[in-house]
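**Q** Going down the list, the sequences are from chains A, B, C and D.
Mapped onto the working numbering, the consecutive letters of the first sequence carry residue numbers 3 to 474.
Mapped onto the working numbering, the consecutive letters of the second sequence carry residue numbers 3 to 474.
Mapped onto the working numbering, the consecutive letters of the third sequence carry residue numbers 3 to 474.
Mapped onto the working numbering, the consecutive letters of the fourth sequence carry residue numbers 3 to 474.
Any given hint could be a false lead.
The list treats identical chains as interchangeable, and a pair is accepted whether it falls inside one copy or across any two copies.
Only pairs whose alpha carbons sit at most 30 Å apart, straight line, appear in this in silico BS3-like list of lysine-lysine [to be verified]:
#1 Lys213 to Lys171
#2 Lys209 to Lys431
#3 Lys431 to Lys442
#4 Lys203 to Lys108
#5 Lys203 to Lys122
#6 Lys442 to Lys203
#7 Lys122 to Lys108
#8 Lys171 to Lys209
#9 Lys165 to Lys209
#10 Lys34 to Lys442
#11 Lys165 to Lys203
#12 Lys171 to Lys203
If you are wondering where the hints come from, they were derived from the structure by calculation, not from laboratory data.
Number of protein chains: 4
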Amino acid sequence: MQSKQIDTIIRGGTVVTPSGTAVQDIGVSGGKISELGNAIASSAPTEIDARGLLVLPGGVDTHCHIEQMSGAGLMNADTFRTATRSAAMGGTTTTVSFAAQHAGQKMRQVVGDYAALARKGAVIDHAFHMIAADIGNDNLTEDIPALISEGHRSIKIFTTYAKVRQDDKSIIDILALARDTEALVCFHAENDGLIGHMTEKLLSEGKTAPKYHAASHPREAEIEAIDRMCRFAEFTGARIMIFHVSTREGAEIVRQARSRGVRVQAETCPHYLFMTADVLERENAARFMCSPPQRSRDDQEALWNAMADGTIELVTSDHAPYRMDASGKFAHGEDAPFNQIANGMPGLETRLPLMFDTMVSSGRLGVEAFVQLTATAPARTFGLDGKGAIVEGFDADLAIWDPEATHNYGANDLHDNAGYNPFEGTTVKGLPLHVFSRGKILVRDRSLLTEAPQGRWLPMSAVFGGVTARLV
Amino acid sequence: MQSKQIDTIIRGGTVVTPSGTAVQDIGVSGGKISELGNAIASSAPTEIDARGLLVLPGGVDTHCHIEQMSGAGLMNADTFRTATRSAAMGGTTTTVSFAAQHAGQKMRQVVGDYAALARKGAVIDHAFHMIAADIGNDNLTEDIPALISEGHRSIKIFTTYAKVRQDDKSIIDILALARDTEALVCFHAENDGLIGHMTEKLLSEGKTAPKYHAASHPREAEIEAIDRMCRFAEFTGARIMIFHVSTREGAEIVRQARSRGVRVQAETCPHYLFMTADVLERENAARFMCSPPQRSRDDQEALWNAMADGTIELVTSDHAPYRMDASGKFAHGEDAPFNQIANGMPGLETRLPLMFDTMVSSGRLGVEAFVQLTATAPARTFGLDGKGAIVEGFDADLAIWDPEATHNYGANDLHDNAGYNPFEGTTVKGLPLHVFSRGKILVRDRSLLTEAPQGRWLPMSAVFGGVTARLV
Amino acid sequence: MQSKQIDTIIRGGTVVTPSGTAVQDIGVSGGKISELGNAIASSAPTEIDARGLLVLPGGVDTHCHIEQMSGAGLMNADTFRTATRSAAMGGTTTTVSFAAQHAGQKMRQVVGDYAALARKGAVIDHAFHMIAADIGNDNLTEDIPALISEGHRSIKIFTTYAKVRQDDKSIIDILALARDTEALVCFHAENDGLIGHMTEKLLSEGKTAPKYHAASHPREAEIEAIDRMCRFAEFTGARIMIFHVSTREGAEIVRQARSRGVRVQAETCPHYLFMTADVLERENAARFMCSPPQRSRDDQEALWNAMADGTIELVTSDHAPYRMDASGKFAHGEDAPFNQIANGMPGLETRLPLMFDTMVSSGRLGVEAFVQLTATAPARTFGLDGKGAIVEGFDADLAIWDPEATHNYGANDLHDNAGYNPFEGTTVKGLPLHVFSRGKILVRDRSLLTEAPQGRWLPMSAVFGGVTARLV
Amino acid sequence: MQSKQIDTIIRGGTVVTPSGTAVQDIGVSGGKISELGNAIASSAPTEIDARGLLVLPGGVDTHCHIEQMSGAGLMNADTFRTATRSAAMGGTTTTVSFAAQHAGQKMRQVVGDYAALARKGAVIDHAFHMIAADIGNDNLTEDIPALISEGHRSIKIFTTYAKVRQDDKSIIDILALARDTEALVCFHAENDGLIGHMTEKLLSEGKTAPKYHAASHPREAEIEAIDRMCRFAEFTGARIMIFHVSTREGAEIVRQARSRGVRVQAETCPHYLFMTADVLERENAARFMCSPPQRSRDDQEALWNAMADGTIELVTSDHAPYRMDASGKFAHGEDAPFNQIANGMPGLETRLPLMFDTMVSSGRLGVEAFVQLTATAPARTFGLDGKGAIVEGFDADLAIWDPEATHNYGANDLHDNAGYNPFEGTTVKGLPLHVFSRGKILVRDRSLLTEAPQGRWLPMSAVFGGVTARLV
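For reference, chain A alone in the conformation it holds in the complex (with noise of 0.2 Å):
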């Protein structure tokens, strides 16, 4: 029996627990999920009638860039207050951002700097993957151990972009240690040479328009880069996530690696899964300019059947907001080559509502694998704990949706500041009604309460053996 404090109590809402899914009341205290059951009886400060909602927990968002200095010299568009309040109005309580180190940098000082920003801006929960950009400076031997030890248990690198790809060499050192140490590295996986083959050819060619993006990454790109990945995964033993999956071939790669024995995960993003290669024929297709690129229809039937079957375990936005002026896309100007135009589109507010839509509304594979593609595997994967599900004792992050809710997406109605919205003209049933941080709540009603910095950084815990994540 709770002797403490109630002080919110969501009555009657339709609850997806790790238990189930049923009808109960949850009481929240000092920001912890404190009771969960059928009619408490006490009362609360607070109290929310969520009959004919959905209580959810509130989503994980484990790959976003936020406040993030590019490779190439740009920052993005949002701070940690913008983009992490977009986030809370699309029903997702925690991001996992960068931390972006460029050449010469101390991996300390890049984390911490991030670290700062995060606490000045950020509305929710966070934590922080390490982009390994530079590993000699004893930034191999000395910081990132040290801030692995500390929780910063997540490394991402890029297998292309001239200033923050790294050999494969490298990344071999990285995995011995990440195995070593229980991290986890992430990849953005595309071949170098075939993106750099491609983008010299079409350039040659006159061939500059954004639409060109798509030919300059190829398939084979990703399909053979995941691929060593992989290979690098099964040598070493280390733990590995594959960010954005956009390919058949690419999640089949990951599939028969796990079945291996190879410790990989892998996400994919709703631009993959709602988004085909036709986008970058539009108009203001700098808009949809990301990578690896949109793929067919085939393909994304192959990543739903990836999802399914659990090769896929993670559905992420990959939010990576530039404007489309001056400041973002376009800072070389309106004309500027393909290549010279910022990769990335914002998603931390819409990634939950397309899925929801889809697997919710729709019904392709339900709410509790929602909840579990986008909250409780991202926070379980990454060790994030106490996110991602709604669990007695688990911090009070909670999102309830009303599934009936519908919304058409306009032009830029997103509360990031990117500027648009990419999927502007889509419909969605479903949206998250009210949500809560840690007990306290910060949309309600579809409206933004609060943009105060009260997110507290998450130490990553020792991520746990991979593939056994998912058969629980």
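Given chain A, put chains B, C and D in place with the hints provided.
**A** Coordinates of chains B, C and D only, in the frame set by chain A:
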């Protein structure tokens, strides 16, 4: 807050729930888990000190033969009483055994007869698979769909064994029915022709000893039949379960089928994980005869990988008890040729300790995966609501394990009626100390307290969407 | 130096031999190729100017139905005379058709009867596959092994069609015999149960039109059966041939089986390469009905890739002629349901022009591959010594092709007795101008010169080691 | 009828030609095979009695290092004289060795230098692969395309070895050129990062003995790189050759790539077929060091299956001779760490006897496949017209084998200059008795008759369409 009287409190154990593993107390009221939490304040008539122990859901064994007449007309050695007391001693609190139709019988009668036997003897809760051996005689059009709608949602089909096996068209007809009525079809999948050819050949060469049993059931027989059943499931859209996968190729076929969206699940059994074909060259090898037969170390590794990556989701016993005398294995004499010796071995009691020893004590995959494979997934797969997990409101079917206790299996130390232990000589670490069924203690300090027939029949709820099951 | 009289000299053609392709002369003596070389000095009674023409071995068509009684008791439209004259007109100089056993018949009698028919009518040389429809009655133990040793080294098995299909055990028994006696076992591989289930379902829904034929033979039926036959071949070690592979998956299964060392070969036919399933929606669709049915463009691409990488080694016609009247397709009436319309279409005459048009005229794979797939490989696979290649000492079975000649197929312009051309409306480029059988000219300037029954039966030599065949 | 003088007649041998294997006579005139037939009537100055012997085309060894400066600056032990006399003694009459560019060199100069060395020393005919180690300096735009058009149609690329290896973009640039100019690109495919990581790790642990060489070149290094090169070939459409495939997975990757239409071919070498990794634990293990290193029995089986099913089309020697002294293996001292010991072993002379022993004497795949793998396919693949087969008009490069002769290899019984035989102690059955190059006898009764530098450079004809090659 729970106002009802708490009957039992289990205090201070390490409790494995779908929400995670933590030290907490469990309150039991009216046969249900009524409370989970830290330091339950009230007291109860029965209090169990579980400090240092693991509190797990009772095991769910969805593949066991109890009081069953085989196709060859042989009654197996167990009654529901002996079988289920053995299960309880091994930490298992739910069985799914077979209602075995024979040619000419009406399915409703068959199910009724087995249900009566179970009512009379079962110490624990239970359900049935309907063995479809005769789909004419209005069974397919009347009895079976009616029984499905009443909660008998699992059908078992043999692809081999003369008197019970179904031909391909019948199998497909059943699958089409199962798809339309939300039933699950389980397969003993071995190619009858290969077995027939080899049996005839071996016998004609005078090779009649038990060791030739393995040669008479070649791995190709399983591989072929698993592929065939997966193709049928792909074609019909029905959900299927492949029983007792024993080969590397069998697991890979299931994996590939799932990647194509086929709704197939798979189980394996301890004798495939812990024995290899050479047991059939030991003395009294009839003890170890089962179908499919044991395979190789390479297959064992592949099966473990398939459990790790989610391809094999269940571990069951395939308990099939025959005494080593004229009532069982030697019904056709001590020197009967291999094809006249009953297949199967007892396993209800050893399943969980063997798996615990490797998964928990030795650390392969871990305790959460152990619970998932042996309790949660079996219960979810077959729609056994309220079973297989420690969740408030679920049945208080609990097994409290002492992770330090050890036992060296003897020649005849099990509580079933088979009269021998096929794992004689094996030492396991980790044993169920106390076992509860719907809140009632059956086993205390590893001693059986009751054999009263208190088990209840469990209807299977409409089993849900197959591939999504595993995401949660 | 050849001292014997040269009967015929073909001068200046581009000759395709196993040693390469070059302009050279060919001398023919006593029905054999007696000399190959540049500028044969002597003269001959017959001299052919082949400048600008391609001189190829006569085609070898190892899959055709001639004067055959079907399992359903229907005699097909061709006699050996009409079928083989059609073959000759299409550039084919060797056929392997079927000696079709029915239940209750002795195989020796069956083979004898067909041999007599062929002796009486065949214009070209020929051999037989024995269709094994009844292996009891001493056939498996006496007739078949004896006939194999006499040179009837090919057995055909149906896995479907009620009156002729063999069950798995019989198939395996036959494979074991074939392995021991160096015979090759050919399969019509489709799952009987799937076809039966779908046929029953479609008919019960009143879906009787020819277009439902495709649905009644789903791709899974072929895929499943090919896998099964490959597993049986793997188990027994016998050599097998999969007839008429029509699906991507079917080809991949053969490829994977070969990589495991299984002695399996495969063929496909022009109607799978040049037609898709939508032909069954055209008028008079009974014309196009065959089993397996036509598939998709994607399958066609996969079949071409499988020819390119050596997985599919033969292209045959599966010539199965039925007239569009009560003697054939409409034996059960003009409105007979699809399952009572005879399967098959004529193809002996169109096989080579269709393949030449694509492979040589359009350049897909090239003329050497054309010869290999349609003549050399069929001859070698079935041990037809002296056939299928232009080699000194081989039979002078030659086809001189005009690569520039074109023809637009008409409604009824073939020389068989089917009365229609399923490729009506197709234009081919490249046609056989002159055709020789054992040195005797049968076709001159695309006109048939003789229908005399001069063909001889060809014993099959002990077919050699399967997988090594393709290396040479 | 041949009117020209016949120089040599080989009578009564069993001759293996593309048209088949038969006892016949061979006439040689002007260095060419002028006549093939039964009982050549005329007489010749030289007549060879080949009764009871096998007459085969001289071997074509398309992978050997002769008089080559390695990337590490070490000259190998052979001159063209010593290497090619050794080849001839082993039944090989054509070599393709390397024109090894180093950084800063112009390719035309490099090719010219090697051609001059060969002209001065080569006893037999020969061609060159251009090793592309520096594609800047106008090499890619000028020298290489010009040389290709002159008949140097093969380019070799290393993916590892510091001074010569090419990065991915350079490789793709070369592949694009090769596709456009009809050249073939050959790969030493091993991942440089894995090798670098392991080498550094092993050395840091003091593990410097030769046996650690195997660990420093893990199988994943080959597997990864083969996959990568296949993906690049798929993307560019270029034809590629994977040199020295040593692993099961490597062969499977090639097989799957071919099934997708990728124009990839593969070779393996005797040391992978007849040695396993444990040779590196023998005394003087430096003798056996090569890259990739020897593997396991399981890999050997997979390589044989891959030869049988056509995935691996060539068997070459990878002859790389270094003496066991300071001029070679021990250039960095007797105790040099494994990474400072030259890789490679002599093999020109042993390649064919080793393969003959298994393929012909022991019957694995047979003599036609032996000729195909070691002579015909290498010649066709590299466009070496007139080589690799016994065909009228082809060069009279012939090896007459005594299938009964045996030899037990000694410590130093080869005719190259390496000073040791890595197959010491192995007994082979079947040896080349007489060897002819362009009609001139080089070896008679297993004795070398001449070391005169009579070999000629062979231009490579535009190599034809890859995958179609194997169909003929």
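**Q** First find the shortest C-alpha distance between Lys165 and Lys209 inside one copy, then the shortest across copies, and answer within, between, both or neither for a cut-off of 30 Å.
**A** within (24 Å within a copy, 35 Å between copies)
**Q** Quick one: Lys171 to Lys209, C-alpha cut-off 30 Å, is that within a copy, between copies, both, or neither?
**A** Between copies, since 19 Å is at most 30 Å while 34 Å is not.
**Q** When Cα atoms must be at most 30 Å apart, do Lys203 and Lys122 count as within-copy, between-copy, both, or neither?
**A** Close neither inside one copy (45 Å) nor across copies (43 Å); limit 30 Å.
**Q** Go through the copies and call it for Lys122 and Lys108: within, between, both or neither, with a Cα cutoff of 30 Å.
**A** within (22 Å within a copy, 59 Å between copies)
**Q** From the Cα coordinates, with 30 Å as the cut-off, is the pair Lys442 and Lys203 best called within, between, both, or neither?
**A** Neither way: Lys442 and Lys203 sit 54 Å apart in one copy and 51 Å across, limit 30 Å.
**Q** With identical chains treated as interchangeable, where does the CA-CA distance between Lys34 and Lys442 reach 30 Å or less: within a copy, between copies, both, or neither?
**A** So Lys34 and Lys442 pass the 30 Å test inside one copy only (10 Å; across, 33 Å).
**Q** For Lys431 vs Lys442, is the C-alpha pair at or below 30 Å within one copy, between two copies, both, or neither?
**A** within (26 Å within a copy, 47 Å between copies)
**Q** Cα distance capped at 30 Å. Does Lys203 pair with Lys108 within a copy, between copies, both, or neither?
**A** Between. Shortest inter-copy distance 24 Å satisfies the 30 Å Cα cut-off; intra-copy 36 Å does not.
**Q** Within a copy, between copies, both or neither: which one fits Lys171 and Lys203 at a CA-CA cutoff of 30 Å?
**A** The answer is both: 28 Å in one copy and 12 Å across copies each meet 30 Å.
**Q** Treating 30 Å as the Cα threshold, decide for Lys213 and Lys171: within, between, both or neither.
**A** Between copies only: 22 Å across chains, 34 Å inside a chain, cut-off 30 Å.
**Q** From the Cα coordinates, with 30 Å as the cut-off, is the pair Lys209 and Lys431 best called within, between, both, or neither?
**A** Neither: 39 Å inside a chain and 39 Å across chains, both beyond 30 Å.
**Q** My question is about Lys165 and Lys203: at a cut-off of 30 Å on alpha-carbon distance, are they close within one copy, between copies, both, or neither?
**A** both (21 Å within a copy, 27 Å between copies)
This entry does not satisfy hints 2, 5 and 6, going by the numbered hints stated previously.
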